[in-house]
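Quick mapping for you: the protein sequence lines, in order, are chains A, B and C. Numbering follows my numbering, with no gaps: position 130 of the first sequence is 130. With positions in the second sequence counted from 1, the corresponding number in my numbering is that position plus 257. With positions in the third sequence counted from 1, the corresponding number in my numbering is that position plus 625.
Worth double-checking, as some hints may not be accurate.
Output of the computed footprint for chain C on chain B, the stretches with three or more beta carbons under 8 Å from beta carbons of chain C [as the list claims (entries may be wrong)]:
hint : segment
1    : 442 to 454
2    : 593 to 606
Some but not every residue of chain A turned toward chain C, in silico, with C-beta under 8 Å [what the hints assert, rightly or not]:
hint : residue
3    : Pro80
4    : Gly108
5    : Gly109
6    : Gly112
7    : Glu113
8    : Met116
9    : Val117
10   : Tyr123
Hints are computed from structural coordinates only; laboratory data are not their basis. Each residue gets a CB set at the ideal place from its N, CA and C atoms; glycine is no exception.
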Amino acid sequence: MSAPLLQVEALNQRFGRIEACRDIDFVMHPGEVIGIVGESGSGKTTLLKCLAGRQVPTSGRVLYDMRVKGPTDLYALSEPERRLLMRTDLGYVTQNPRDALRMGISAGGNVGERLMVNGARHYGAIRDTASDWLERVELDPGRIDDRPATYSGGMQQRLQIAKTLVVNPRLVFMDEPTGGLDVSVQARLLDLLRGLVRELGLSAVIVTHDLAVARLLADRLMVMRRGEVVEQGLTDQVLDDPHHPYTQLLVSSVLQP
Amino acid sequence: MYVAVKGGEAAISNAHGLMADERRGDRALPEIGVDQIAEQLGHAVDRVMTEGSLYDRELAALAIKQAQGDTVEAVFLLRAYRTTLPRLGASEPIDTAAMNVERRISATYKDLPGGQVLGPTYDYTHRLLDFDLLDTEREVPEPYESGEEQQPMARVADILGHEGLLEEAQHGEAGAPVADITREPMRFPAGRDARLQALARGDEGFLLALGYSTQRGYGGTHPFAGEVRMGTVAVEMVPEELGFAIEIGEIAVTECDMVNQFGGDAERPPQFTRGYGLSFGRAERKAMAMALVDRALRSQELGEEAVFPAQDQEFVLYHADNVEASGFVQHLKLPHYVDFQSELELVRRLRREHAQAREEAMHKEAAE
Amino acid sequence: MSAAPARERPGDPAYNFAYLDEQTKRMIRRGLLKAVAIPGYQVPFASREMPLPYGWGTGGIQVTASIIGPEDRLKVIDQGADDTTNAVSIRRFFHRVTEVETTEETADATVIQTRHRIPERDLTENQILVYQVPIPEPLRQLEPREAECRKIHAWQEYGVMHVGLYEDIARWGHIARTYDYPVMVGGRYLMAPSPIPKFDNPKMTKMAALQLFGAGREKRLYAIPPHTDVKSLDFEDHPFEVQKWDETCGLCGAEDSFLDEVILDDAGGHMYVCSDSDFCRHRRDAGHRGAMAGHEAVRVLTEQVS
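Make a model of the complete structure from these sequences and hints.
If you want it as structure tokens, here you go:
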């Protein structure tokens, strides 16, 4: 088995008296998709931000297997090093695409920005790559010069995914990527995500409160409650045979198909 | 007719001549004296001294005369003079508790040691034009004097402070250097010393509008005018060769302590917090607005969400200075024809390309 | 009110030589040394209040005031010309407070203060070009916050500037920026060249003269040392280009200078003339004649210029 991509050791995050994450430990291997489930307020998004280099944890380490240096604590890196890593190796998809897109810049400019930030300086090549990625996320490349404001919510989310994946990140973090969308739109987006994850062999950490999303995308699940991981294991095992009472409650509260 | 776009020396001299003529006005009327301005347009002088950050009534009055009563222009003149003065040192902090009080009011206590002293104020006057003032020969009666010796009055902030109800004033370390934004560029986040200095020099109108916005829900801090006091205070300085403080003069100031609610957090119990305002002379509106904005700018340090303009350091401090703002707005009058020429060439090109594209589209349509 | 100090120096006795006190000049020169040492980096400095308004060249004036000596010869231009009102006003200011020799001859000047242009004539190692800068931050239109901008510079995350250029090409087919066109200095710092037309950008690279930039209101100094690489941002397949005119200067016939458009009559009749008045006069003195030579408007213009 290959070396772990991500190792989380004794991670804690406190905000004043609130413990958002308590003693989190886990290991993730390349090609794995991990789902983090739990109710809102359980600390999922805070944990995701800590893993993604976006929120300095109160204590603990987040070791990422860097291409040259090997396993390195994200928060021991200098800020420029961390930012470089975040814009090359790591991707982050937010629930609200408006938080990640530049609404005054065309779709092509949005997707191309990641390439330009990483040094691309050939307009034609940038445009071709952006156009190709619009197609891959099932957006009409003919609308490459339209601003995201003219796109529907589902299309904006596809655009954000294209913008994230265009630099071929090794590890992608997603925070409720299908939240806030209509059910029919959600289903299509999930299909798309599942296809991309398989096709690209992506490693991903996906936060969701929707167990159906977790079942469809995740190999492994971590169940969070009040800042703690109460149960983890293979997705099917956790969902079909939940051990912790809280997991049992979560599973039973979902309408069975 | 062709109008020359480039002017020269002669044009500038002529413009200055016209301005001097306009400033003098009707020669049949006596010329206004700087002493008259200093005595009879005191509020204008106070504002120019405050925003010009130079306490000199005669120079401020001269600036007002030279600027024909344009306050912002007068502030500019005073600042440009101030910049050439040597800076010999910093005074000791003035002790406003020892102020020789002319006016002192508190909106938080009905009565308090020393009492409410209304003093000279436009408050409670009816704003009816007083046509008697048209007569410059009339007698103005002497004001009422109580004849009592005035005792020093404790500051309201100190009274509240005794119970721990009000946060303690943030005292700098004795002798520690204080920020001077006229000698050091502003850095962000800016310390409170630099912020207060910028606000003291800031445009009254701008601060008034910002302070007002906090009252209307754009960053509400639930203020009470804990105290507004105006009067004269001694200025002391420690000359290096002496090693102890000596009094070097007396200045009139207006001070405002604004008291604001604060809910407390994990570490701090609920208590009142402060916003502080200080201006030269009688400039109550300025001091109060400054205190409101000072408190708003403390939102980050107090762990409050800072989302409104008055709470935004860079926005407030970068735009409060009327000399900077006036200069940059008015620099639009300077020639920009090189840049405009460049844009002209671009727009012509874009219009050409646009027309071409439309024509092609029409041909295509016609062909189909 | 203190009496103004009398001094045994050239210039108005009410003020120090070149207006600023010596301590302030030293502070600015320290800032300039740092700016030269880190080409293109914006050095914060304690800009003083000047007797001219902010936005009218207070930064350039402070730089000139802190480097000028009694032996210098000063040239001041605005829009390329010596006779524009603001240039006249600044030249008069320096004459009053320094009594240095002023000149309109580009070649004779040791210090040239400019707003919006670089002279057409090549400058030499013995000259210093001082730019007046309104907005020193090239990222300002994309990021209004100073604290953020400084991080972007520190991390060299300049890709966002290319997004703007990308949008231009996507929309117009070419980069639609004509002045204050951003440049990379010495391969490290992104820099605003001040609102010179992009026509002048190529003159900045490897220039023999020292280029100093002063932004008074924004309190920043920056510099390009002599012979430094200055590259205008572009794409490999959309290289940087300067403006070109189909017309030539109506006065001197120059084909390669930046041209101002002059409106001749109420019907919109117009001609083009060199924006650099000294350059144009030298060409005319050398016998060059433009298409409008002899026209009534030309007489008016040349009389004003000379």
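Legend entry - Status of the Glu113 (chain A) interface restraint (C-beta, 8 Å, chain C): At about 5 Å, which falls below the 8 Å cut-off, the nearest Cβ of chain C leaves the hint on Glu113 (chain A) intact, so it holds.
Legend entry - Interface restraint verdict for Pro80 (chain A) against chain C (beta-carbon cut-off 8 Å): Interface hint status for Pro80 (chain A): holds (5 Å vs cutoff 8 Å).
Legend entry - Gly112 (chain A) as an interface hint toward chain C, with CB separation required under 8 Å: holds (6 Å)
Inset, instruction - With chain C as the partner, please determine if Tyr123 (chain A) meets the hint condition of a C-beta pair closer than 8 Å. - result: holds (4 Å)
Inset, instruction - Answer holds if the nearest beta-carbon of chain C is closer than 8 Å to that of Gly109 (chain A); otherwise answer violated. - result: holds (5 Å)
Inset, instruction - Examine the segment 593 to 606 of chain B: at least three residues should have C-beta closer than 8 Å to a C-beta of chain C. - result: holds (count 10)
Legend entry - Cβ contact check, 8 Å cutoff: the segment 442 to 454 of chain B against chain C, three residues minimum: holds (count 5)
Legend entry - Cut-off 8 Å, beta-carbon criterion: hint that Val117 (chain A) touches chain C: Holds - the Cβ of Val117 (chain A) comes within 8 Å of chain C, reaching about 3 Å at its closest.
Legend entry - Hint validity - Gly108 (chain A) Cβ closer than 8 Å to any chain C Cβ: Holds, about 6 Å.
Legend entry - Interface hint compliance - Met116 (chain A) to chain C, C-beta minimum distance less than 8 Å: holds (4 Å)
The structure agrees with every numbered hint stated previously.
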